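Using the sequences and the hints given, assemble the complete structure.
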Amino acid sequence: MTGFGKPGLPVVVVVALLAVLPTWFHFNGDAFYLDLATRLVILGIAAVSLNLILGYGGLVSFGHAAYLGIGAYCVGIPAHHALYGGLDAIATNSGWFQIPLAVAVSALFALVTGAICLRTKGVHFIMITMAFAQMVYYFFVSIDEYGADDGLVIDTRSELGLIDFDNPLQLYFFCLGSLVVAMALVHMIVNSRFGMVLQGAKGNNDRMVSLGYNTYLYRLVAYVISGAMCGFAGALLGNFTTFISPEMMDWSHSGELMFMVILGGASTAVGPILGSAAFIIIEEVLSRFTIYWHLPFGLMLLAVVLFARGGFSGIIDRLRGRKLLPGEG
Amino acid sequence: MTAILTISGLEKRFGGVLATDHVDLDVVKGECHAIIGPNGAGKSTLIAQLSGTVVPDRGSIRLNGRDITREAAYKRARLGVTRSFQITSLVMPMSVIDNVALAVQAREGHSFKLVRPARSISRIRQEALARLAEVGLAERADAPTVILSHGEHRLMEIAIALASGAELMLLDEPMAGLGPTESARMVELLSRLKSTRTILLVEHDMDAVFALADRISVLVYGRIIATGTPDEIRGNAEVRHAYLGEE
Amino acid sequence: MDTTLLVTQVLNGLQLGLLLFLVASGLTLVFGILDFVNLAHGSLYMLGAFICASLTFATGNYLIAILISLPLIGLAGYLVERFVARHLYERDHLDHVLGTFGLILVIDTLVHIFWGPQGIAIPLPQWLDGQVMLPGGIEVPTFRLLIIGTGLAAAGGLFWVVNMTRLGMLIRAGASNRTMVGALGIDIQALFALVFALGAVLAGLAGMLIAPITEASIGMGNNIIITAFVVIIVGGIGSVKGAFISALLIGLIDTLGRSFLDDVFKLVMSSDAAETSAPAVSAMLIYIIMAVVLAIRPQGLFPPKVR
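Protein chains in written order, with this note's numbering: chain A, 1 to 329; chain B, 330 to 576; chain C, 577 to 883.
Simulated from the structure, these hints should not be mistaken for lab results.
For clarity, every value in this text was computed on a predicted model and none was experimentally measured.
Please note that a few of the clues may not be correct.
[To be verified] Straight-line C-alpha distance at most 27 Å; calculated DSS-like pairs for lysine-lysine:
#: 1; chain 1: C; residue 1: Lys817; chain 2: A; residue 2: Lys121
#: 2; chain 1: B; residue 1: Lys358; chain 2: B; residue 2: Lys404
#: 3; chain 1: A; residue 1: Lys121; chain 2: B; residue 2: Lys404
#: 4; chain 1: B; residue 1: Lys442; chain 2: B; residue 2: Lys404
#: 5; chain 1: B; residue 1: Lys404; chain 2: B; residue 2: Lys523
#: 6; chain 1: B; residue 1: Lys523; chain 2: B; residue 2: Lys358
#: 7; chain 1: A; residue 1: Lys121; chain 2: B; residue 2: Lys523
[To be verified] Which stretches of chain A does chain B cover? Using the computed rule of at least three CB atoms under 8 Å from a CB of chain B, they are:
#: 8; segment: 179-191
#: 9; segment: 194-201
#: 10; segment: 205-214
Even for Gly, the Cβ is constructed at its ideal location relative to N, Cα and C.
Listed below in structure tokens is the structure:
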């Protein structure tokens, strides 16, 4: 529960599978699965970033999809101006500019909105994070230059020198490498003294305050790190889909990210990845049978919430016959 | 006699009820000062104002001469006030030693340290373990907090207060819910501690209070009706009438 | 800025504000008394619009359709309470959010299956479809006035229920002290279900009123729910009065911002810059207001009295 020790076996297995399987499919001429895996890995980074504040910090942010959008627009907008002119200051196809921009703008947005959101708690917090995400949504809807509702086509992918994002396999391994780094970062943070305070504030905020911790600041820092990381994932998503629209920031997508974290098992290292994998598989499989795939998906979500406490990891633990005692193992 | 904590003219009103009615109180360095009073006398409200979760309407609270009346709760802890909670308040999902380590870590100033694994810092771990040993919980260090008994949770509260290194400990009913054996253990522990710390003790258990306190203040309907040594309080007619007589 | 446009837009803002209030009041009641976050509240709004649309075609009369739809949507609210919400009251907010998010997906898809992907326009009866001449020679659509009138009447009715009746007393008591109401020996389960159904009726009514203007469409609920959140956050969660004032405020600001902000901006910047920035700012206006209110008063403008 509190993230003891080295990365566990599950993490190693999952990463190894992610490295091997899509490559195999790719060389057997099936591009579809590599696409699927790329999406999985990018959403995985977003879920890992959300897990830092949701799983370890207990902050139920319902607006994380906004960072995916911000990150993607930070790739799309400079590329748009590089092609059509205007705004010379940011017009470029260079990934060395776009990706740091995505991280910086996301961090700034997280800082400003987080400073306000974190003054509140509980339901207020949930609703306000949703509202701020919706604000970004409407912001991009209102800008005609970047396609408004219709979205923006990213004509040129980020140029990063040695790495060629137009090559699907290179893009995939860049994303997978980023995922590993993101997981390592979150692992490091939650086990540090900072992480202990963050988790302590989740477990008992009053106690932490009475010990002398200004928990507001610790949460704000975690919130900014999480936002920046998700913005990075957004930059990758923009490069992957080569298209960005406000719809990507719709709150249903924030809900899906939360679903990944919770269903995979919040505050575990591998949970967010399992959750994203589960989501991608559910989406793919169900949508093949029916265009109404949201119906079984919604029912499943309801069933998990109503009948299974602890999400997937909880279910797995129970199957193994382990008691759900936090801190054990 | 130097006062570590000086409360003067403190008032707090909730709706029509005066929960704290012009309270003046000095806690002297090194003493164990107990506050007793019947239910609803305003003890919890007083503790809440001292620890910073409730803002007084009037009056002042001084810690070593510094006005902390409106200081944020977390800052008071840094200035040297720690509290235990009447209702056990621990980080349940964490292990016992992690709980105490957080208190040790709090003394380092800030914890915006994101790289080194917290559990590998032996300075912190060893001190946390030492504090647990002091209350007799060393062998439970690695257990998840949730599985400990109520009595052990109360002891953890004390270990955390110790680990925080505060010079003034506000102990809010440390005996609450303890059985006779556990109570005896707690009294014995606190009597050992009081030689090294200043303690403001709010307690219902009269045996414990008279065993531990150097001075006692009696709080009735938000007012302090008497302050004195245990013998003086025992002999005080007003106290007997207002409080002990009611029992 | 001409007066006709201003009056029209004020009326539009009032209309939006009252519809927002109908949605937000249910949310704020359910939260205040049940401490329950219902994301699917917007789905009841949408469901109201669709049911009313079908019944309008079946009966040929919009008003009769509304009268039949109201108890139906109340029933839908009751079912949501009985089969989902009731089991989640004791859980934390995260479970509320995920559970009702699942419910939204279910309801949205069911609506998609029954009514198809296209929006449905509700035809208005002749006498509502025209214009009314206001004193001063300003013409406004009759139906808008009907919406405003109905919204005000519903708000008045709700205030009467909450402030004057025994049910309202229980609701207010429950909002500030849940255990006390339980201790009074009230059937708390029934009270909860009733509040939920009442909230559903109000949200459904809003959906029925807007459908002739915008048509009933999937996703309409998911758009309004966030704005309703902004309303209750600004107003103070749990407060009906706060929801009312803040709904009107948000409705007016949003509507007027969208029509007049560029004119205001033109006073201080070049007309080009104003025309580029005004749409973006007006789209964000209500969120900026929310942020400012929260920065000053995290509990909202009219938080219910503390317990």
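These are the hints, each one checked on the structure:
Under the criterion of a C-alpha separation no larger than 27 Å, the hint pairing C/Lys817 with A/Lys121 is consistent with the structure, at around 22 Å. Among the hinted pairs, B/Lys358 with B/Lys404 is consistent with the structure: their alpha-carbon atoms are about 20 Å apart, no more than 27 Å. Pair hint A/Lys121 plus B/Lys404 holds up; C-alpha atoms about 21 Å apart against a cutoff of 27 Å. About 19 Å separates the Cα atoms of B/Lys442 and B/Lys404, which keeps this hinted pair within 27 Å; it holds.
Restraint check: the Cα-Cα separation between B/Lys404 and B/Lys523 comes to about 24 Å, which is no more than 27 Å; the hinted pair holds. Straight-line distance between C-alpha atoms of B/Lys523 and B/Lys358 comes to about 11 Å, which keeps the hinted pair within the 27 Å bound. Proposed proximity of A/Lys121 and B/Lys523 is contradicted: the alpha carbons are some 38 Å apart, above 27 Å. Counting residues of the segment 179-191 of chain A whose CB falls under 8 Å from any CB of chain B gives 3; the rule of at least 3 is met.
Three residues within the 8 Å Cβ limit are the bar, and the segment 194-201 of chain A against chain B gives 6, so the coverage statement holds. With 9 residues carrying a beta carbon less than 8 Å from a beta carbon of chain B, the segment 205-214 of chain A meets the three-residue requirement, and the given coverage holds.
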